[in-house]
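Chains as they are written, first to last, in my numbering: chain A, 1430 to 1740; chain B, 1430 to 1740.
Treat the hints with care, since some could be wrong.
When chains are identical, the list treats them as one kind, so a pair holds in a single copy or across two.
[What the hints assert, rightly or not] Dumping the calculated BS3-like pairs for lysine-lysine here, alpha-carbon to alpha-carbon at most 30 Å:
1. 1559 to 1504
2. 1736 to 1453
3. 1560 to 1739
4. 1692 to 1431
5. 1696 to 1475
6. 1559 to 1582
7. 1696 to 1504
8. 1584 to 1679
9. 1692 to 1519
10. 1531 to 1688
11. 1584 to 1560
12. 1519 to 1679
13. 1688 to 1728
14. 1453 to 1531
15. 1688 to 1519
16. 1560 to 1528
17. 1679 to 1431
18. 1696 to 1732
19. 1710 to 1460
20. 1531 to 1519
21. 1528 to 1696
22. 1560 to 1432
Hints listed in this document are in silico derivations from the structure and should not be mistaken for laboratory results.
Number of protein chains: 2
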Amino acid sequence: MKKIAIIVHGGAGPDSPFIRTHIKGYREGLKNSVEAAYLILRENGKAVDAVEAAIKVLENNTLFNAGRGSAINAKGEIEMDACIMDGASKKSGAVSIIKNVKNPISVAKAVMLNTNYKYLGAHGALDFAKKINMELEPDSYFIAEHQFDEYTKIKMEAFDSNGELAEEEINQRMHGTVGAVALDQEGNIAAGTSTGGAPYCKEGRISDSSMIGIGTYANNQTCAVSCTGDGEYLMEGVIAHSISSVMAYKNRGVAAACKEVIKIENKGVQGDMGVIAIDSKGNIAIEFNCDRMHRAWKKGNEKTVTKIYKD
Amino acid sequence: MKKIAIIVHGGAGPDSPFIRTHIKGYREGLKNSVEAAYLILRENGKAVDAVEAAIKVLENNTLFNAGRGSAINAKGEIEMDACIMDGASKKSGAVSIIKNVKNPISVAKAVMLNTNYKYLGAHGALDFAKKINMELEPDSYFIAEHQFDEYTKIKMEAFDSNGELAEEEINQRMHGTVGAVALDQEGNIAAGTSTGGAPYCKEGRISDSSMIGIGTYANNQTCAVSCTGDGEYLMEGVIAHSISSVMAYKNRGVAAACKEVIKIENKGVQGDMGVIAIDSKGNIAIEFNCDRMHRAWKKGNEKTVTKIYKD
Chain A
1430 MKKIAIIVHG GAGPDSPFIR THIKGYREGL KNSVEAAYLI LRENGKAVDA
1480 VEAAIKVLEN NTLFNAGRGS AINAKGEIEM DACIMDGASK KSGAVSIIKN
1530 VKNPISVAKA VMLNTNYKYL GAHGALDFAK KINMELEPDS YFIAEHQFDE
1580 YTKIKMEAFD SNGELAEEEI NQRMHGTVGA VALDQEGNIA AGTSTGGAPY
1630 CKEGRISDSS MIGIGTYANN QTCAVSCTGD GEYLMEGVIA HSISSVMAYK
1680 NRGVAAACKE VIKIENKGVQ GDMGVIAIDS KGNIAIEFNC DRMHRAWKKG
1730 NEKTVTKIYK D
Chain B
1430 MKKIAIIVHG GAGPDSPFIR THIKGYREGL KNSVEAAYLI LRENGKAVDA
1480 VEAAIKVLEN NTLFNAGRGS AINAKGEIEM DACIMDGASK KSGAVSIIKN
1530 VKNPISVAKA VMLNTNYKYL GAHGALDFAK KINMELEPDS YFIAEHQFDE
1580 YTKIKMEAFD SNGELAEEEI NQRMHGTVGA VALDQEGNIA AGTSTGGAPY
1630 CKEGRISDSS MIGIGTYANN QTCAVSCTGD GEYLMEGVIA HSISSVMAYK
1680 NRGVAAACKE VIKIENKGVQ GDMGVIAIDS KGNIAIEFNC DRMHRAWKKG
1730 NEKTVTKIYK D
C-alpha cells in the first residue's frame, strides 16, 4: 500500500473543566474521525473524500463546535461555516453563515464539485443545499446542552453587568472548530475545516474556517493545512497560505514552515492558533501556541495517535 | 511634503462596446476617485481614509460595479462585498452579501475600527450598518440602466434557450469591481476593494473582493494590494497574499512581485486578473493579463494619470 495519512483536529485554545470532564469522549470522537477517513484512503479513495468523512464524524458529534454542537450566537441562533480544498486541482468550495444543514462540509464539497463558484453564504448557500437535497435538520437538532449553558451564562452575565454585553466582544472560551488534512494513494492532498463559530458572537460573523488561505488551504506542490483558534488572528496572519508560501518560496519542509509561521512570524500574537498540515510525501506537522489542541492522526499502518494537551 | 500616492482601479477584463461608448465617463470617474483620496493624503490624512474616500466615489458612480450600479444577481437582487485593510496594524474589516448600504466600504471600515470582528455577512452585516447609522438606500437606488439591461438580456437568453440558464454559470462580461491602494505621509499603506459581484450570479455568491489575502491585503512590511477580475481564479491563486509573500520571502520589489504572480505563477490561467499595489516607499505597480483595466494614479505632485487599455 502506498503512503496514506490523515490528521484531524477538534480545536485549540485554553484548557477547561468541561474538556477535562469529557476527555474520553473527545478522544473517542477524534479516533472515530481518523478511522472514517482511513477506511476511505485504504480503499484508494480520494483525499478530498477522506477529509469530508473525517469532518462529518466531528460535525455529528455534539462535543465539537461544528454541525451538531455548534456555538450559539448572540441572537440565540446557530450559523455555520465550512471549506474544503483539493490540492491536486487547487479547486475549493466553501459556505458561510449557513443554517440547518446537517453537514456543512458536504455542502462546501458540492459547491466545489457542482458549481462554478467557490464561496456561497447565508440564504444562497442554504438554497443551494436544498436544491441538491442535502440533509437538513431543525434548529433544535444543532443545540447541545453545554453550548446552551454557555449561551445562557454569557447572557446572564450581560444582564447582571451592564444591561447588555457588547455584542462585539468575542467570547471564545469554547474553541472547538474541527478540521482534517489527508494524503491519498495517488499522492494527492486535501484540507477541510468546519466550525459553529464563536459563542455569543454577532449574527453574521464569518469565521476564518471558511476562508481559502486563512483557515484552509491545499496545494500538492506545498501542503494541505487546516487551522483553528482565534479566527480574527488567523485572518490577520493569513496563516494557511503563509505556511504554503514559506514552503514554496523559502524551500522549507512542512514541519519547519508550520513552526516558522506559528512560533516565529506570529510569536507574541495574543490569540490562540493551532494548525495541522501534510505534504504529498506524507510528512505531517502539528503546531499550536496554547494549552491544548484536540488532535489525532494515522500514517500508513501505524496505530492511531490521539492527543489533547502538549506532549 | 512627504511622499504620498494613490492608485485606483475600476475593474479588469475584456473590452466591450459599453466601455467604448462611456470611456469619457469612466476616465472622469477614475480621476475624481484619485483626487478625493489625494485631498486627504495631502492634508496628512490616513491611507485607510484615502482608500475609503476613493472607493466611495466609485461606489456612488453607476458606471462601476460597486454600490450604485452593482451587478444584478439571478434573483434580480443586488448583494455587495467590500474589504479594507490597514497596513500599519494589519487590522482589517469586511462585509459580504450586504444589501441597501450606500457605501459598503464604509461599513467594512466600521467593522475594522468598531468591532472585534473582521468579517460580517448578510443580515448581520446590514444589522450592524443600521446600528451605527450608515446611510441606507432603497433597492431602486442601486439599479443602473445598463446593469438592468444586462440582467434582462441574460434572463431572455435563458428563456430562449433551455427554459432556464444554469444559475451556476458565471457571467462576467461586465467586470467593474473597484479598489484603491494608498500611501500616506506617515509612511503607512492601506488597501480596499468593493464589488457588486457578477451579473446573474447565484444569490449568496461571495466574491474575492471581501476576502483578506485574496482580493485585498495590506502590510507595511511588504505592500498594499487590491485585485479585480474573475474572482474564482483570484481565490485559487490567493493573489493578494501571494504578491506580499513573494516580496517577503523572495525579497522582490513590489513591481517584480506583481509581475511574478500574475505573469509567471498564474501564466495560462483562463481567468482575467488585474492588480494594483504600492509599498511604503511609494513604489507602485499595476499588472493585468487581459484587454483592459480601468485605472488611475497620482504620486506626490505629479499629475493624475488615467488609463483604460494597455499602454
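Taking the hints in turn, this is what the structure says about them:
Taking the shortest Cα distances, residue 1559 and residue 1504 sit within 30 Å of each other both inside one copy (24 Å) and across copies (16 Å). For a Cα distance limit of 30 Å, the shortest separation of residue 1736 from residue 1453 inside one copy, 11 Å, qualifies, whereas the shortest one across copies, 64 Å, does not. For the identical chains of this complex, residue 1560 and residue 1739 are neighbours neither inside a copy (44 Å) nor across copies (43 Å), given an alpha-carbon limit of 30 Å. Taking the shortest Cα distances, residue 1692 and residue 1431 never come within 30 Å of each other, neither inside one copy (32 Å) nor across copies (36 Å).
In the homo-oligomer, the alpha carbons of residue 1696 and residue 1475 lie at most 30 Å apart only across protomers (28 Å), although the nearest pairing inside one protomer, at 35 Å, exceeds that limit. When the C-alpha separation of residue 1559 and residue 1582 is checked against a cutoff of 30 Å, the pair qualifies only between copies, where the shortest distance is 28 Å, while the shortest distance within a copy is 34 Å. Neither within a single protomer nor between protomers do residue 1696 and residue 1504 lie at most 30 Å apart by alpha-carbon distance, with minima of 35 Å and 46 Å respectively. Proximity of residue 1584 and residue 1679 under a CA criterion of 30 Å is satisfied in neither setting, with 47 Å inside one chain copy and 49 Å between copies.
Both within a single protomer and between protomers do residue 1692 and residue 1519 lie at most 30 Å apart by alpha-carbon distance, with minima of 27 Å and 18 Å respectively. With identical chains, the CA atoms of residue 1531 and residue 1688 are never at most 30 Å apart, being 35 Å at best within one copy and 44 Å at best between copies. Proximity of residue 1584 and residue 1560 under a CA criterion of 30 Å is satisfied inter-copy only: 20 Å between copies versus 36 Å inside one chain copy. In this assembly of identical chains, the alpha carbons of residue 1519 and residue 1679 lie at most 30 Å apart whether taken from the same copy (21 Å) or from different copies (23 Å).
In this assembly of identical chains, the alpha carbons of residue 1688 and residue 1728 lie at most 30 Å apart only when taken from the same copy (21 Å versus 40 Å across copies). Proximity of residue 1453 to residue 1531 under the C-alpha cut-off of 30 Å is restricted to the intra-copy arrangement: shortest distance 24 Å within a copy versus 52 Å between copies. Taking the closest pair of Cα atoms, residue 1688 and residue 1519 come within 30 Å of each other both inside a single copy (24 Å) and across two copies (21 Å). For the homomeric pair residue 1560 and residue 1528, the shortest alpha-carbon distances inside one copy (15 Å) and between copies (24 Å) are both at most 30 Å.
Proximity of residue 1679 and residue 1431 under a CA criterion of 30 Å is satisfied intra-copy only: 28 Å inside one chain copy versus 34 Å between copies. Taking identical chains as interchangeable, the C-alpha atoms of residue 1696 and residue 1732 are never at most 30 Å apart, the minima being 33 Å within one chain and 43 Å between chains. For the homomeric pair residue 1710 and residue 1460, the shortest alpha-carbon distance inside one copy (23 Å) is at most 30 Å, but the shortest distance between copies (52 Å) is not. Taking identical chains as interchangeable, the C-alpha atoms of residue 1531 and residue 1519 lie at most 30 Å apart only when both belong to the same chain, with a minimum of 26 Å there against 35 Å between chains.
For a Cα distance limit of 30 Å, the shortest separation of residue 1528 from residue 1696 qualifies neither inside one copy, at 36 Å, nor across copies, at 39 Å. For the identical chains of this complex, residue 1560 and residue 1432 are neighbours neither inside a copy (38 Å) nor across copies (54 Å), given an alpha-carbon limit of 30 Å.
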